[in-house]
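Visitor: The chain contents come next:
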Amino acid sequence: MGGLTELTLSEARAKLEQGEMSAVELTEAHIAALEAVRPLNAMITETPERALRMARESDERRAKGQAGALDGLPIAIKDLYCTKGVRTTAASNILGNFTPTYESTVTSKLWDAGAVMLGKTNMDEFAMGSSNMFSAIGPAINPWRRDNDKRDLVPGGSSGGSAAVVAARAALAATGTDTGGSIRQPAAFTGIVGLKPTYGRCSRWGIIAFASSLDQAGPLCRSVEDAAIMLGVMAGYDAKDSTSVDVPVPDYVAGLRGGVKGLRVGIPAEYRVDDMPEEIDALWRRGADWLAAQGAELVDISLPHTAYALPAYYIVAPAEASSNLARYDGIKFGLRSPSDDLAEMYERTRAEGFGAEVQRRILIGAYVLSAGYYDAYYLKAQKIRTLIARDFSAAFADVDVVLTPTAPSDAFAVGDKADDPIAMYLNDVFTVPASLAGLPAISLPAGLSGGGLPLGLHLIAKPFDEATLLRAAAALEEAAGFDARPPGGGS
Amino acid sequence: MSLMKGATGDWEVVIGCEVHCQVVSAAKLFSGAGTAFGAEPNTQVSLVDAAMPGMLPVINKVCIEQAVRTGLALGAEINLVSVFDRKNYFYPDLPAGYQISQFTRPIVGYGTLTLDGLEDGVSREIGITRLHLEQDAGKSIHDRDPRTTHVDLNRAGVALMEIVSEPDMRSAEEAGAFVTKLRSILRYIGSCDGNMEEGSLRCDVNVSVRRPGAELGTRTETKNVNSIRFIKRVIEIEARRQIEILEDGGRVTQETRLFDADKGETRPMRSKEESHDYRYFPDPDLLPLVLEQSWVDEIAKGLPELPDAKRARFIADYGLTDADTDQLVAERESADYFEAVAKGRDARIAANWVIHDLFGQLNRAEVEIGQSPVSASALGGLLDLIADGSISGRTAKDVFAEMFISGQDAAAIVEAKGLGQISDQGEIETMVDSLIADNPDQASQFADNPKVIGWFVGRIMQATKGKANPGLVNELLKRKLGE
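In order, the protein sequence lines correspond to chains P and W.
FYI, the numbering for the first sequence is 746 to 1236, going by this note's numbering.
FYI, the numbering for the second sequence is 50 to 532, going by this note's numbering.
It is worth saying that the hints were derived from the structure and are not from the lab.
Check each hint, because a few of them may be wrong.
Stated by the list, open to error - Listed below are the simulated PhoX-like cross-link pairs for lysine-lysine, each with C-alpha atoms no more than 20 Å apart in a straight line: (1) P/K1077 / P/K829; (2) W/K272 / W/K188; (3) W/K188 / W/K136; (4) W/K392 / W/K359; (5) P/K985 / W/K110; (6) P/K1077 / W/K110.
Unchecked claim - Incomplete in silico selection of chain P near chain W, CB under 10 Å: (7) C827; (8) L840; (9) S849; (10) Y1053; (11) S1067; (12) R1072; (13) Y1073; (14) S1082; (15) D1085; (16) A1088; (17) G1117.
We put the beta carbon where it would ideally sit given N, CA and C, even for glycine.
So here's chain P without its partners, still in its complex pose:
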């Protein structure tokens, strides 16, 4: 049955439509694949029984001619999405056995479209991290290995478990969330496609908040077309999320093969950072050439405030997080470390419940919002954010998309950078600006590093222009012809 897990989502959909297999068969193959890749520690909760029930129901629907856009397709869900009746942890001890009584808007849409839930994926605690090392259940492992090196590699983060299971062919697709690069960077590290839609494109309702003004749901898949299919289901206005935006959701698949002739592609000078490895720079140039060869016009652009994006991000995101995570106080549910004194109960509960990285960000966030520091940090960071958004809107007056690398390196070993938060934060240097500006962006695998690890290219588009983003990505995907696959799990 291994062959079934080799299919992309769109290929599997076609086979289900043609009756070449059943949803139950497809799901059983993925349940088996998930079991086989357990050493990757990519799942927090597996839900095989639920998956099989959903698959049976899907087969019944299909028999009646009522199949939805994702009917019978097994996918994994980042454990940041609240799933009704299925424990939801955000990879944190503080949530204890929290089992939501409600289903997030995005997962509701997926189930309504017929998708089958395989389980909940590992992640950095509360989505804070770029390595998936900061999880209460331990790190998720990248299915890729560096040539001649046995060390486990990180899958990137925070959506590391989602990336790992999709790369390892144990799920057709997975949901992620991206706050500063948490979909795109793990996609790049694991050789798959990761899409962060425009802020407001997908509802945040029912997704555990990290940084509300930045968090955005998106898919991790093995092809650009799969990402287009997934986004079509996940996207849409939700009255329950005041920051979601009421714009129509186009048919993203329909325009996918439109080509890039005449498309204006911006190459931002400021993304050529000092110590960037030559192989990344070379891949970037190659990507630009591929687009040019298909008729796109390359335009040198400037995004002058890029250098300030990372520091601004690491003020804004922790500030919001420090407030968003205040609700985990040991009062209503989850972990409580008792004490007769209220303040002590709070302190013990939060000291035991939150991991070191989450505590670090809560402290940074509380600090930058404090009286006397607010103007110097939070307010200044917000001004930088405005300037960065302005850089992009000026650039987009002249170009349709912007091309950059996704990350400044390939995947690193588990344990590396764990003691150096600044080095860790630098992973997000290319992904954070689009997050601050709320723009849609995508990472797709475009080549291998010298160590034989996947490298990603990154496209950024105008607000709500995911259609153009996906069209450009499809052109790059075709030119790159990336067909490498991890040596480990899956087959």
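Following the hints, position chain W against chain P.
Guide: Relative to the frame of chain P, chain W by itself:
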């Protein structure tokens, strides 16, 4: 200027109020949960109110409209762009760990409120600094169990308007009048029911004292005072306490205090209950609130006549006294009731009956005017019977008392009890003639002593059990005795 006497001279008291008003709305500020008072604990709590993971606030438009109505009624500036901020602090009855409030950009800016009917007869303008919307917290219940605290989240997320005054008041009386007037306006427009017993309207009282003309003194803030009587007491107690400290050479500490009504004192809150650093920042779950001027204009058009305008009109149109007018316009229902009674009748007589007879009975029975057993048209019917001479004013009082108890209309009571006045001239004339004929001695005294007429009136009234029309009796007696 009202001053307080100290041992070393006069002191001026400076008062500002922050009034927390529960917005009249079926649902909470950011969730669809209900807001009814007195529901079973934790039965009016949505996932949003309980701050469950992933839940998001959505602004309730009704609450915005109520805030705008209130701002317009206070003649205040409506900010077309306002921002909701998070006020961060930990407490078990604050499920999110932050309260959504408005800090730097409130929905309503500067306005004013006019106080009339103060003791010195001068009217005074009190500045309204701002009005902002915020969530209420839940309730911590400490007395159910000696070792644990229970939390009721029914109130959590209920919309409050915080109305902040300038430090423009100078006496307990003025502060009491301010809150009374504010409450009256809120009730007129229906944005807050003003029920202080249920906590729908609570006041934080800021008090400082200074020598007349000196710089402002250090203030204290006494939290959550829940009656107008208590507001006045707090001001007197707090001003006296501060004066004593200053006259003893001490300094007033800027702090938050609580009022203990039983002990008749204010005392500092424990430091844990005090604010340290709320780390305010704009709530990223909510976009800035942007209002259309046309929408604000529509709301303005829908405002009812407000107390000041009504007061002026009553004085001008009905010729009522200031004091009577104040009583009538304090509540919109009273004013409406009065106008219904006064329509087509003598307004001053109507005002007298409403203020003295109706309000008196309502107060004794502890009934709101909306539940009055005597409707405005029924009271009007009673006044009509007096006007056309069917009953005397004296009888009308008894009829009114009966109306209040039975709810019957005046004519039915007069009919059933035979209380109708005898106004038949022929009937009374016959009685007068025979009375004079039977008492020639008294009749002959009339020329020298006209007061003897009273003896005749008394006899007629006695004979008719008071139902004879006194005007007619007098008129006939004068004529007959003078012949």
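Visitor: Which hint numbers does the structure go against, in order from smallest to largest?
Guide: Per hint list: 6, 10, 14 violated.
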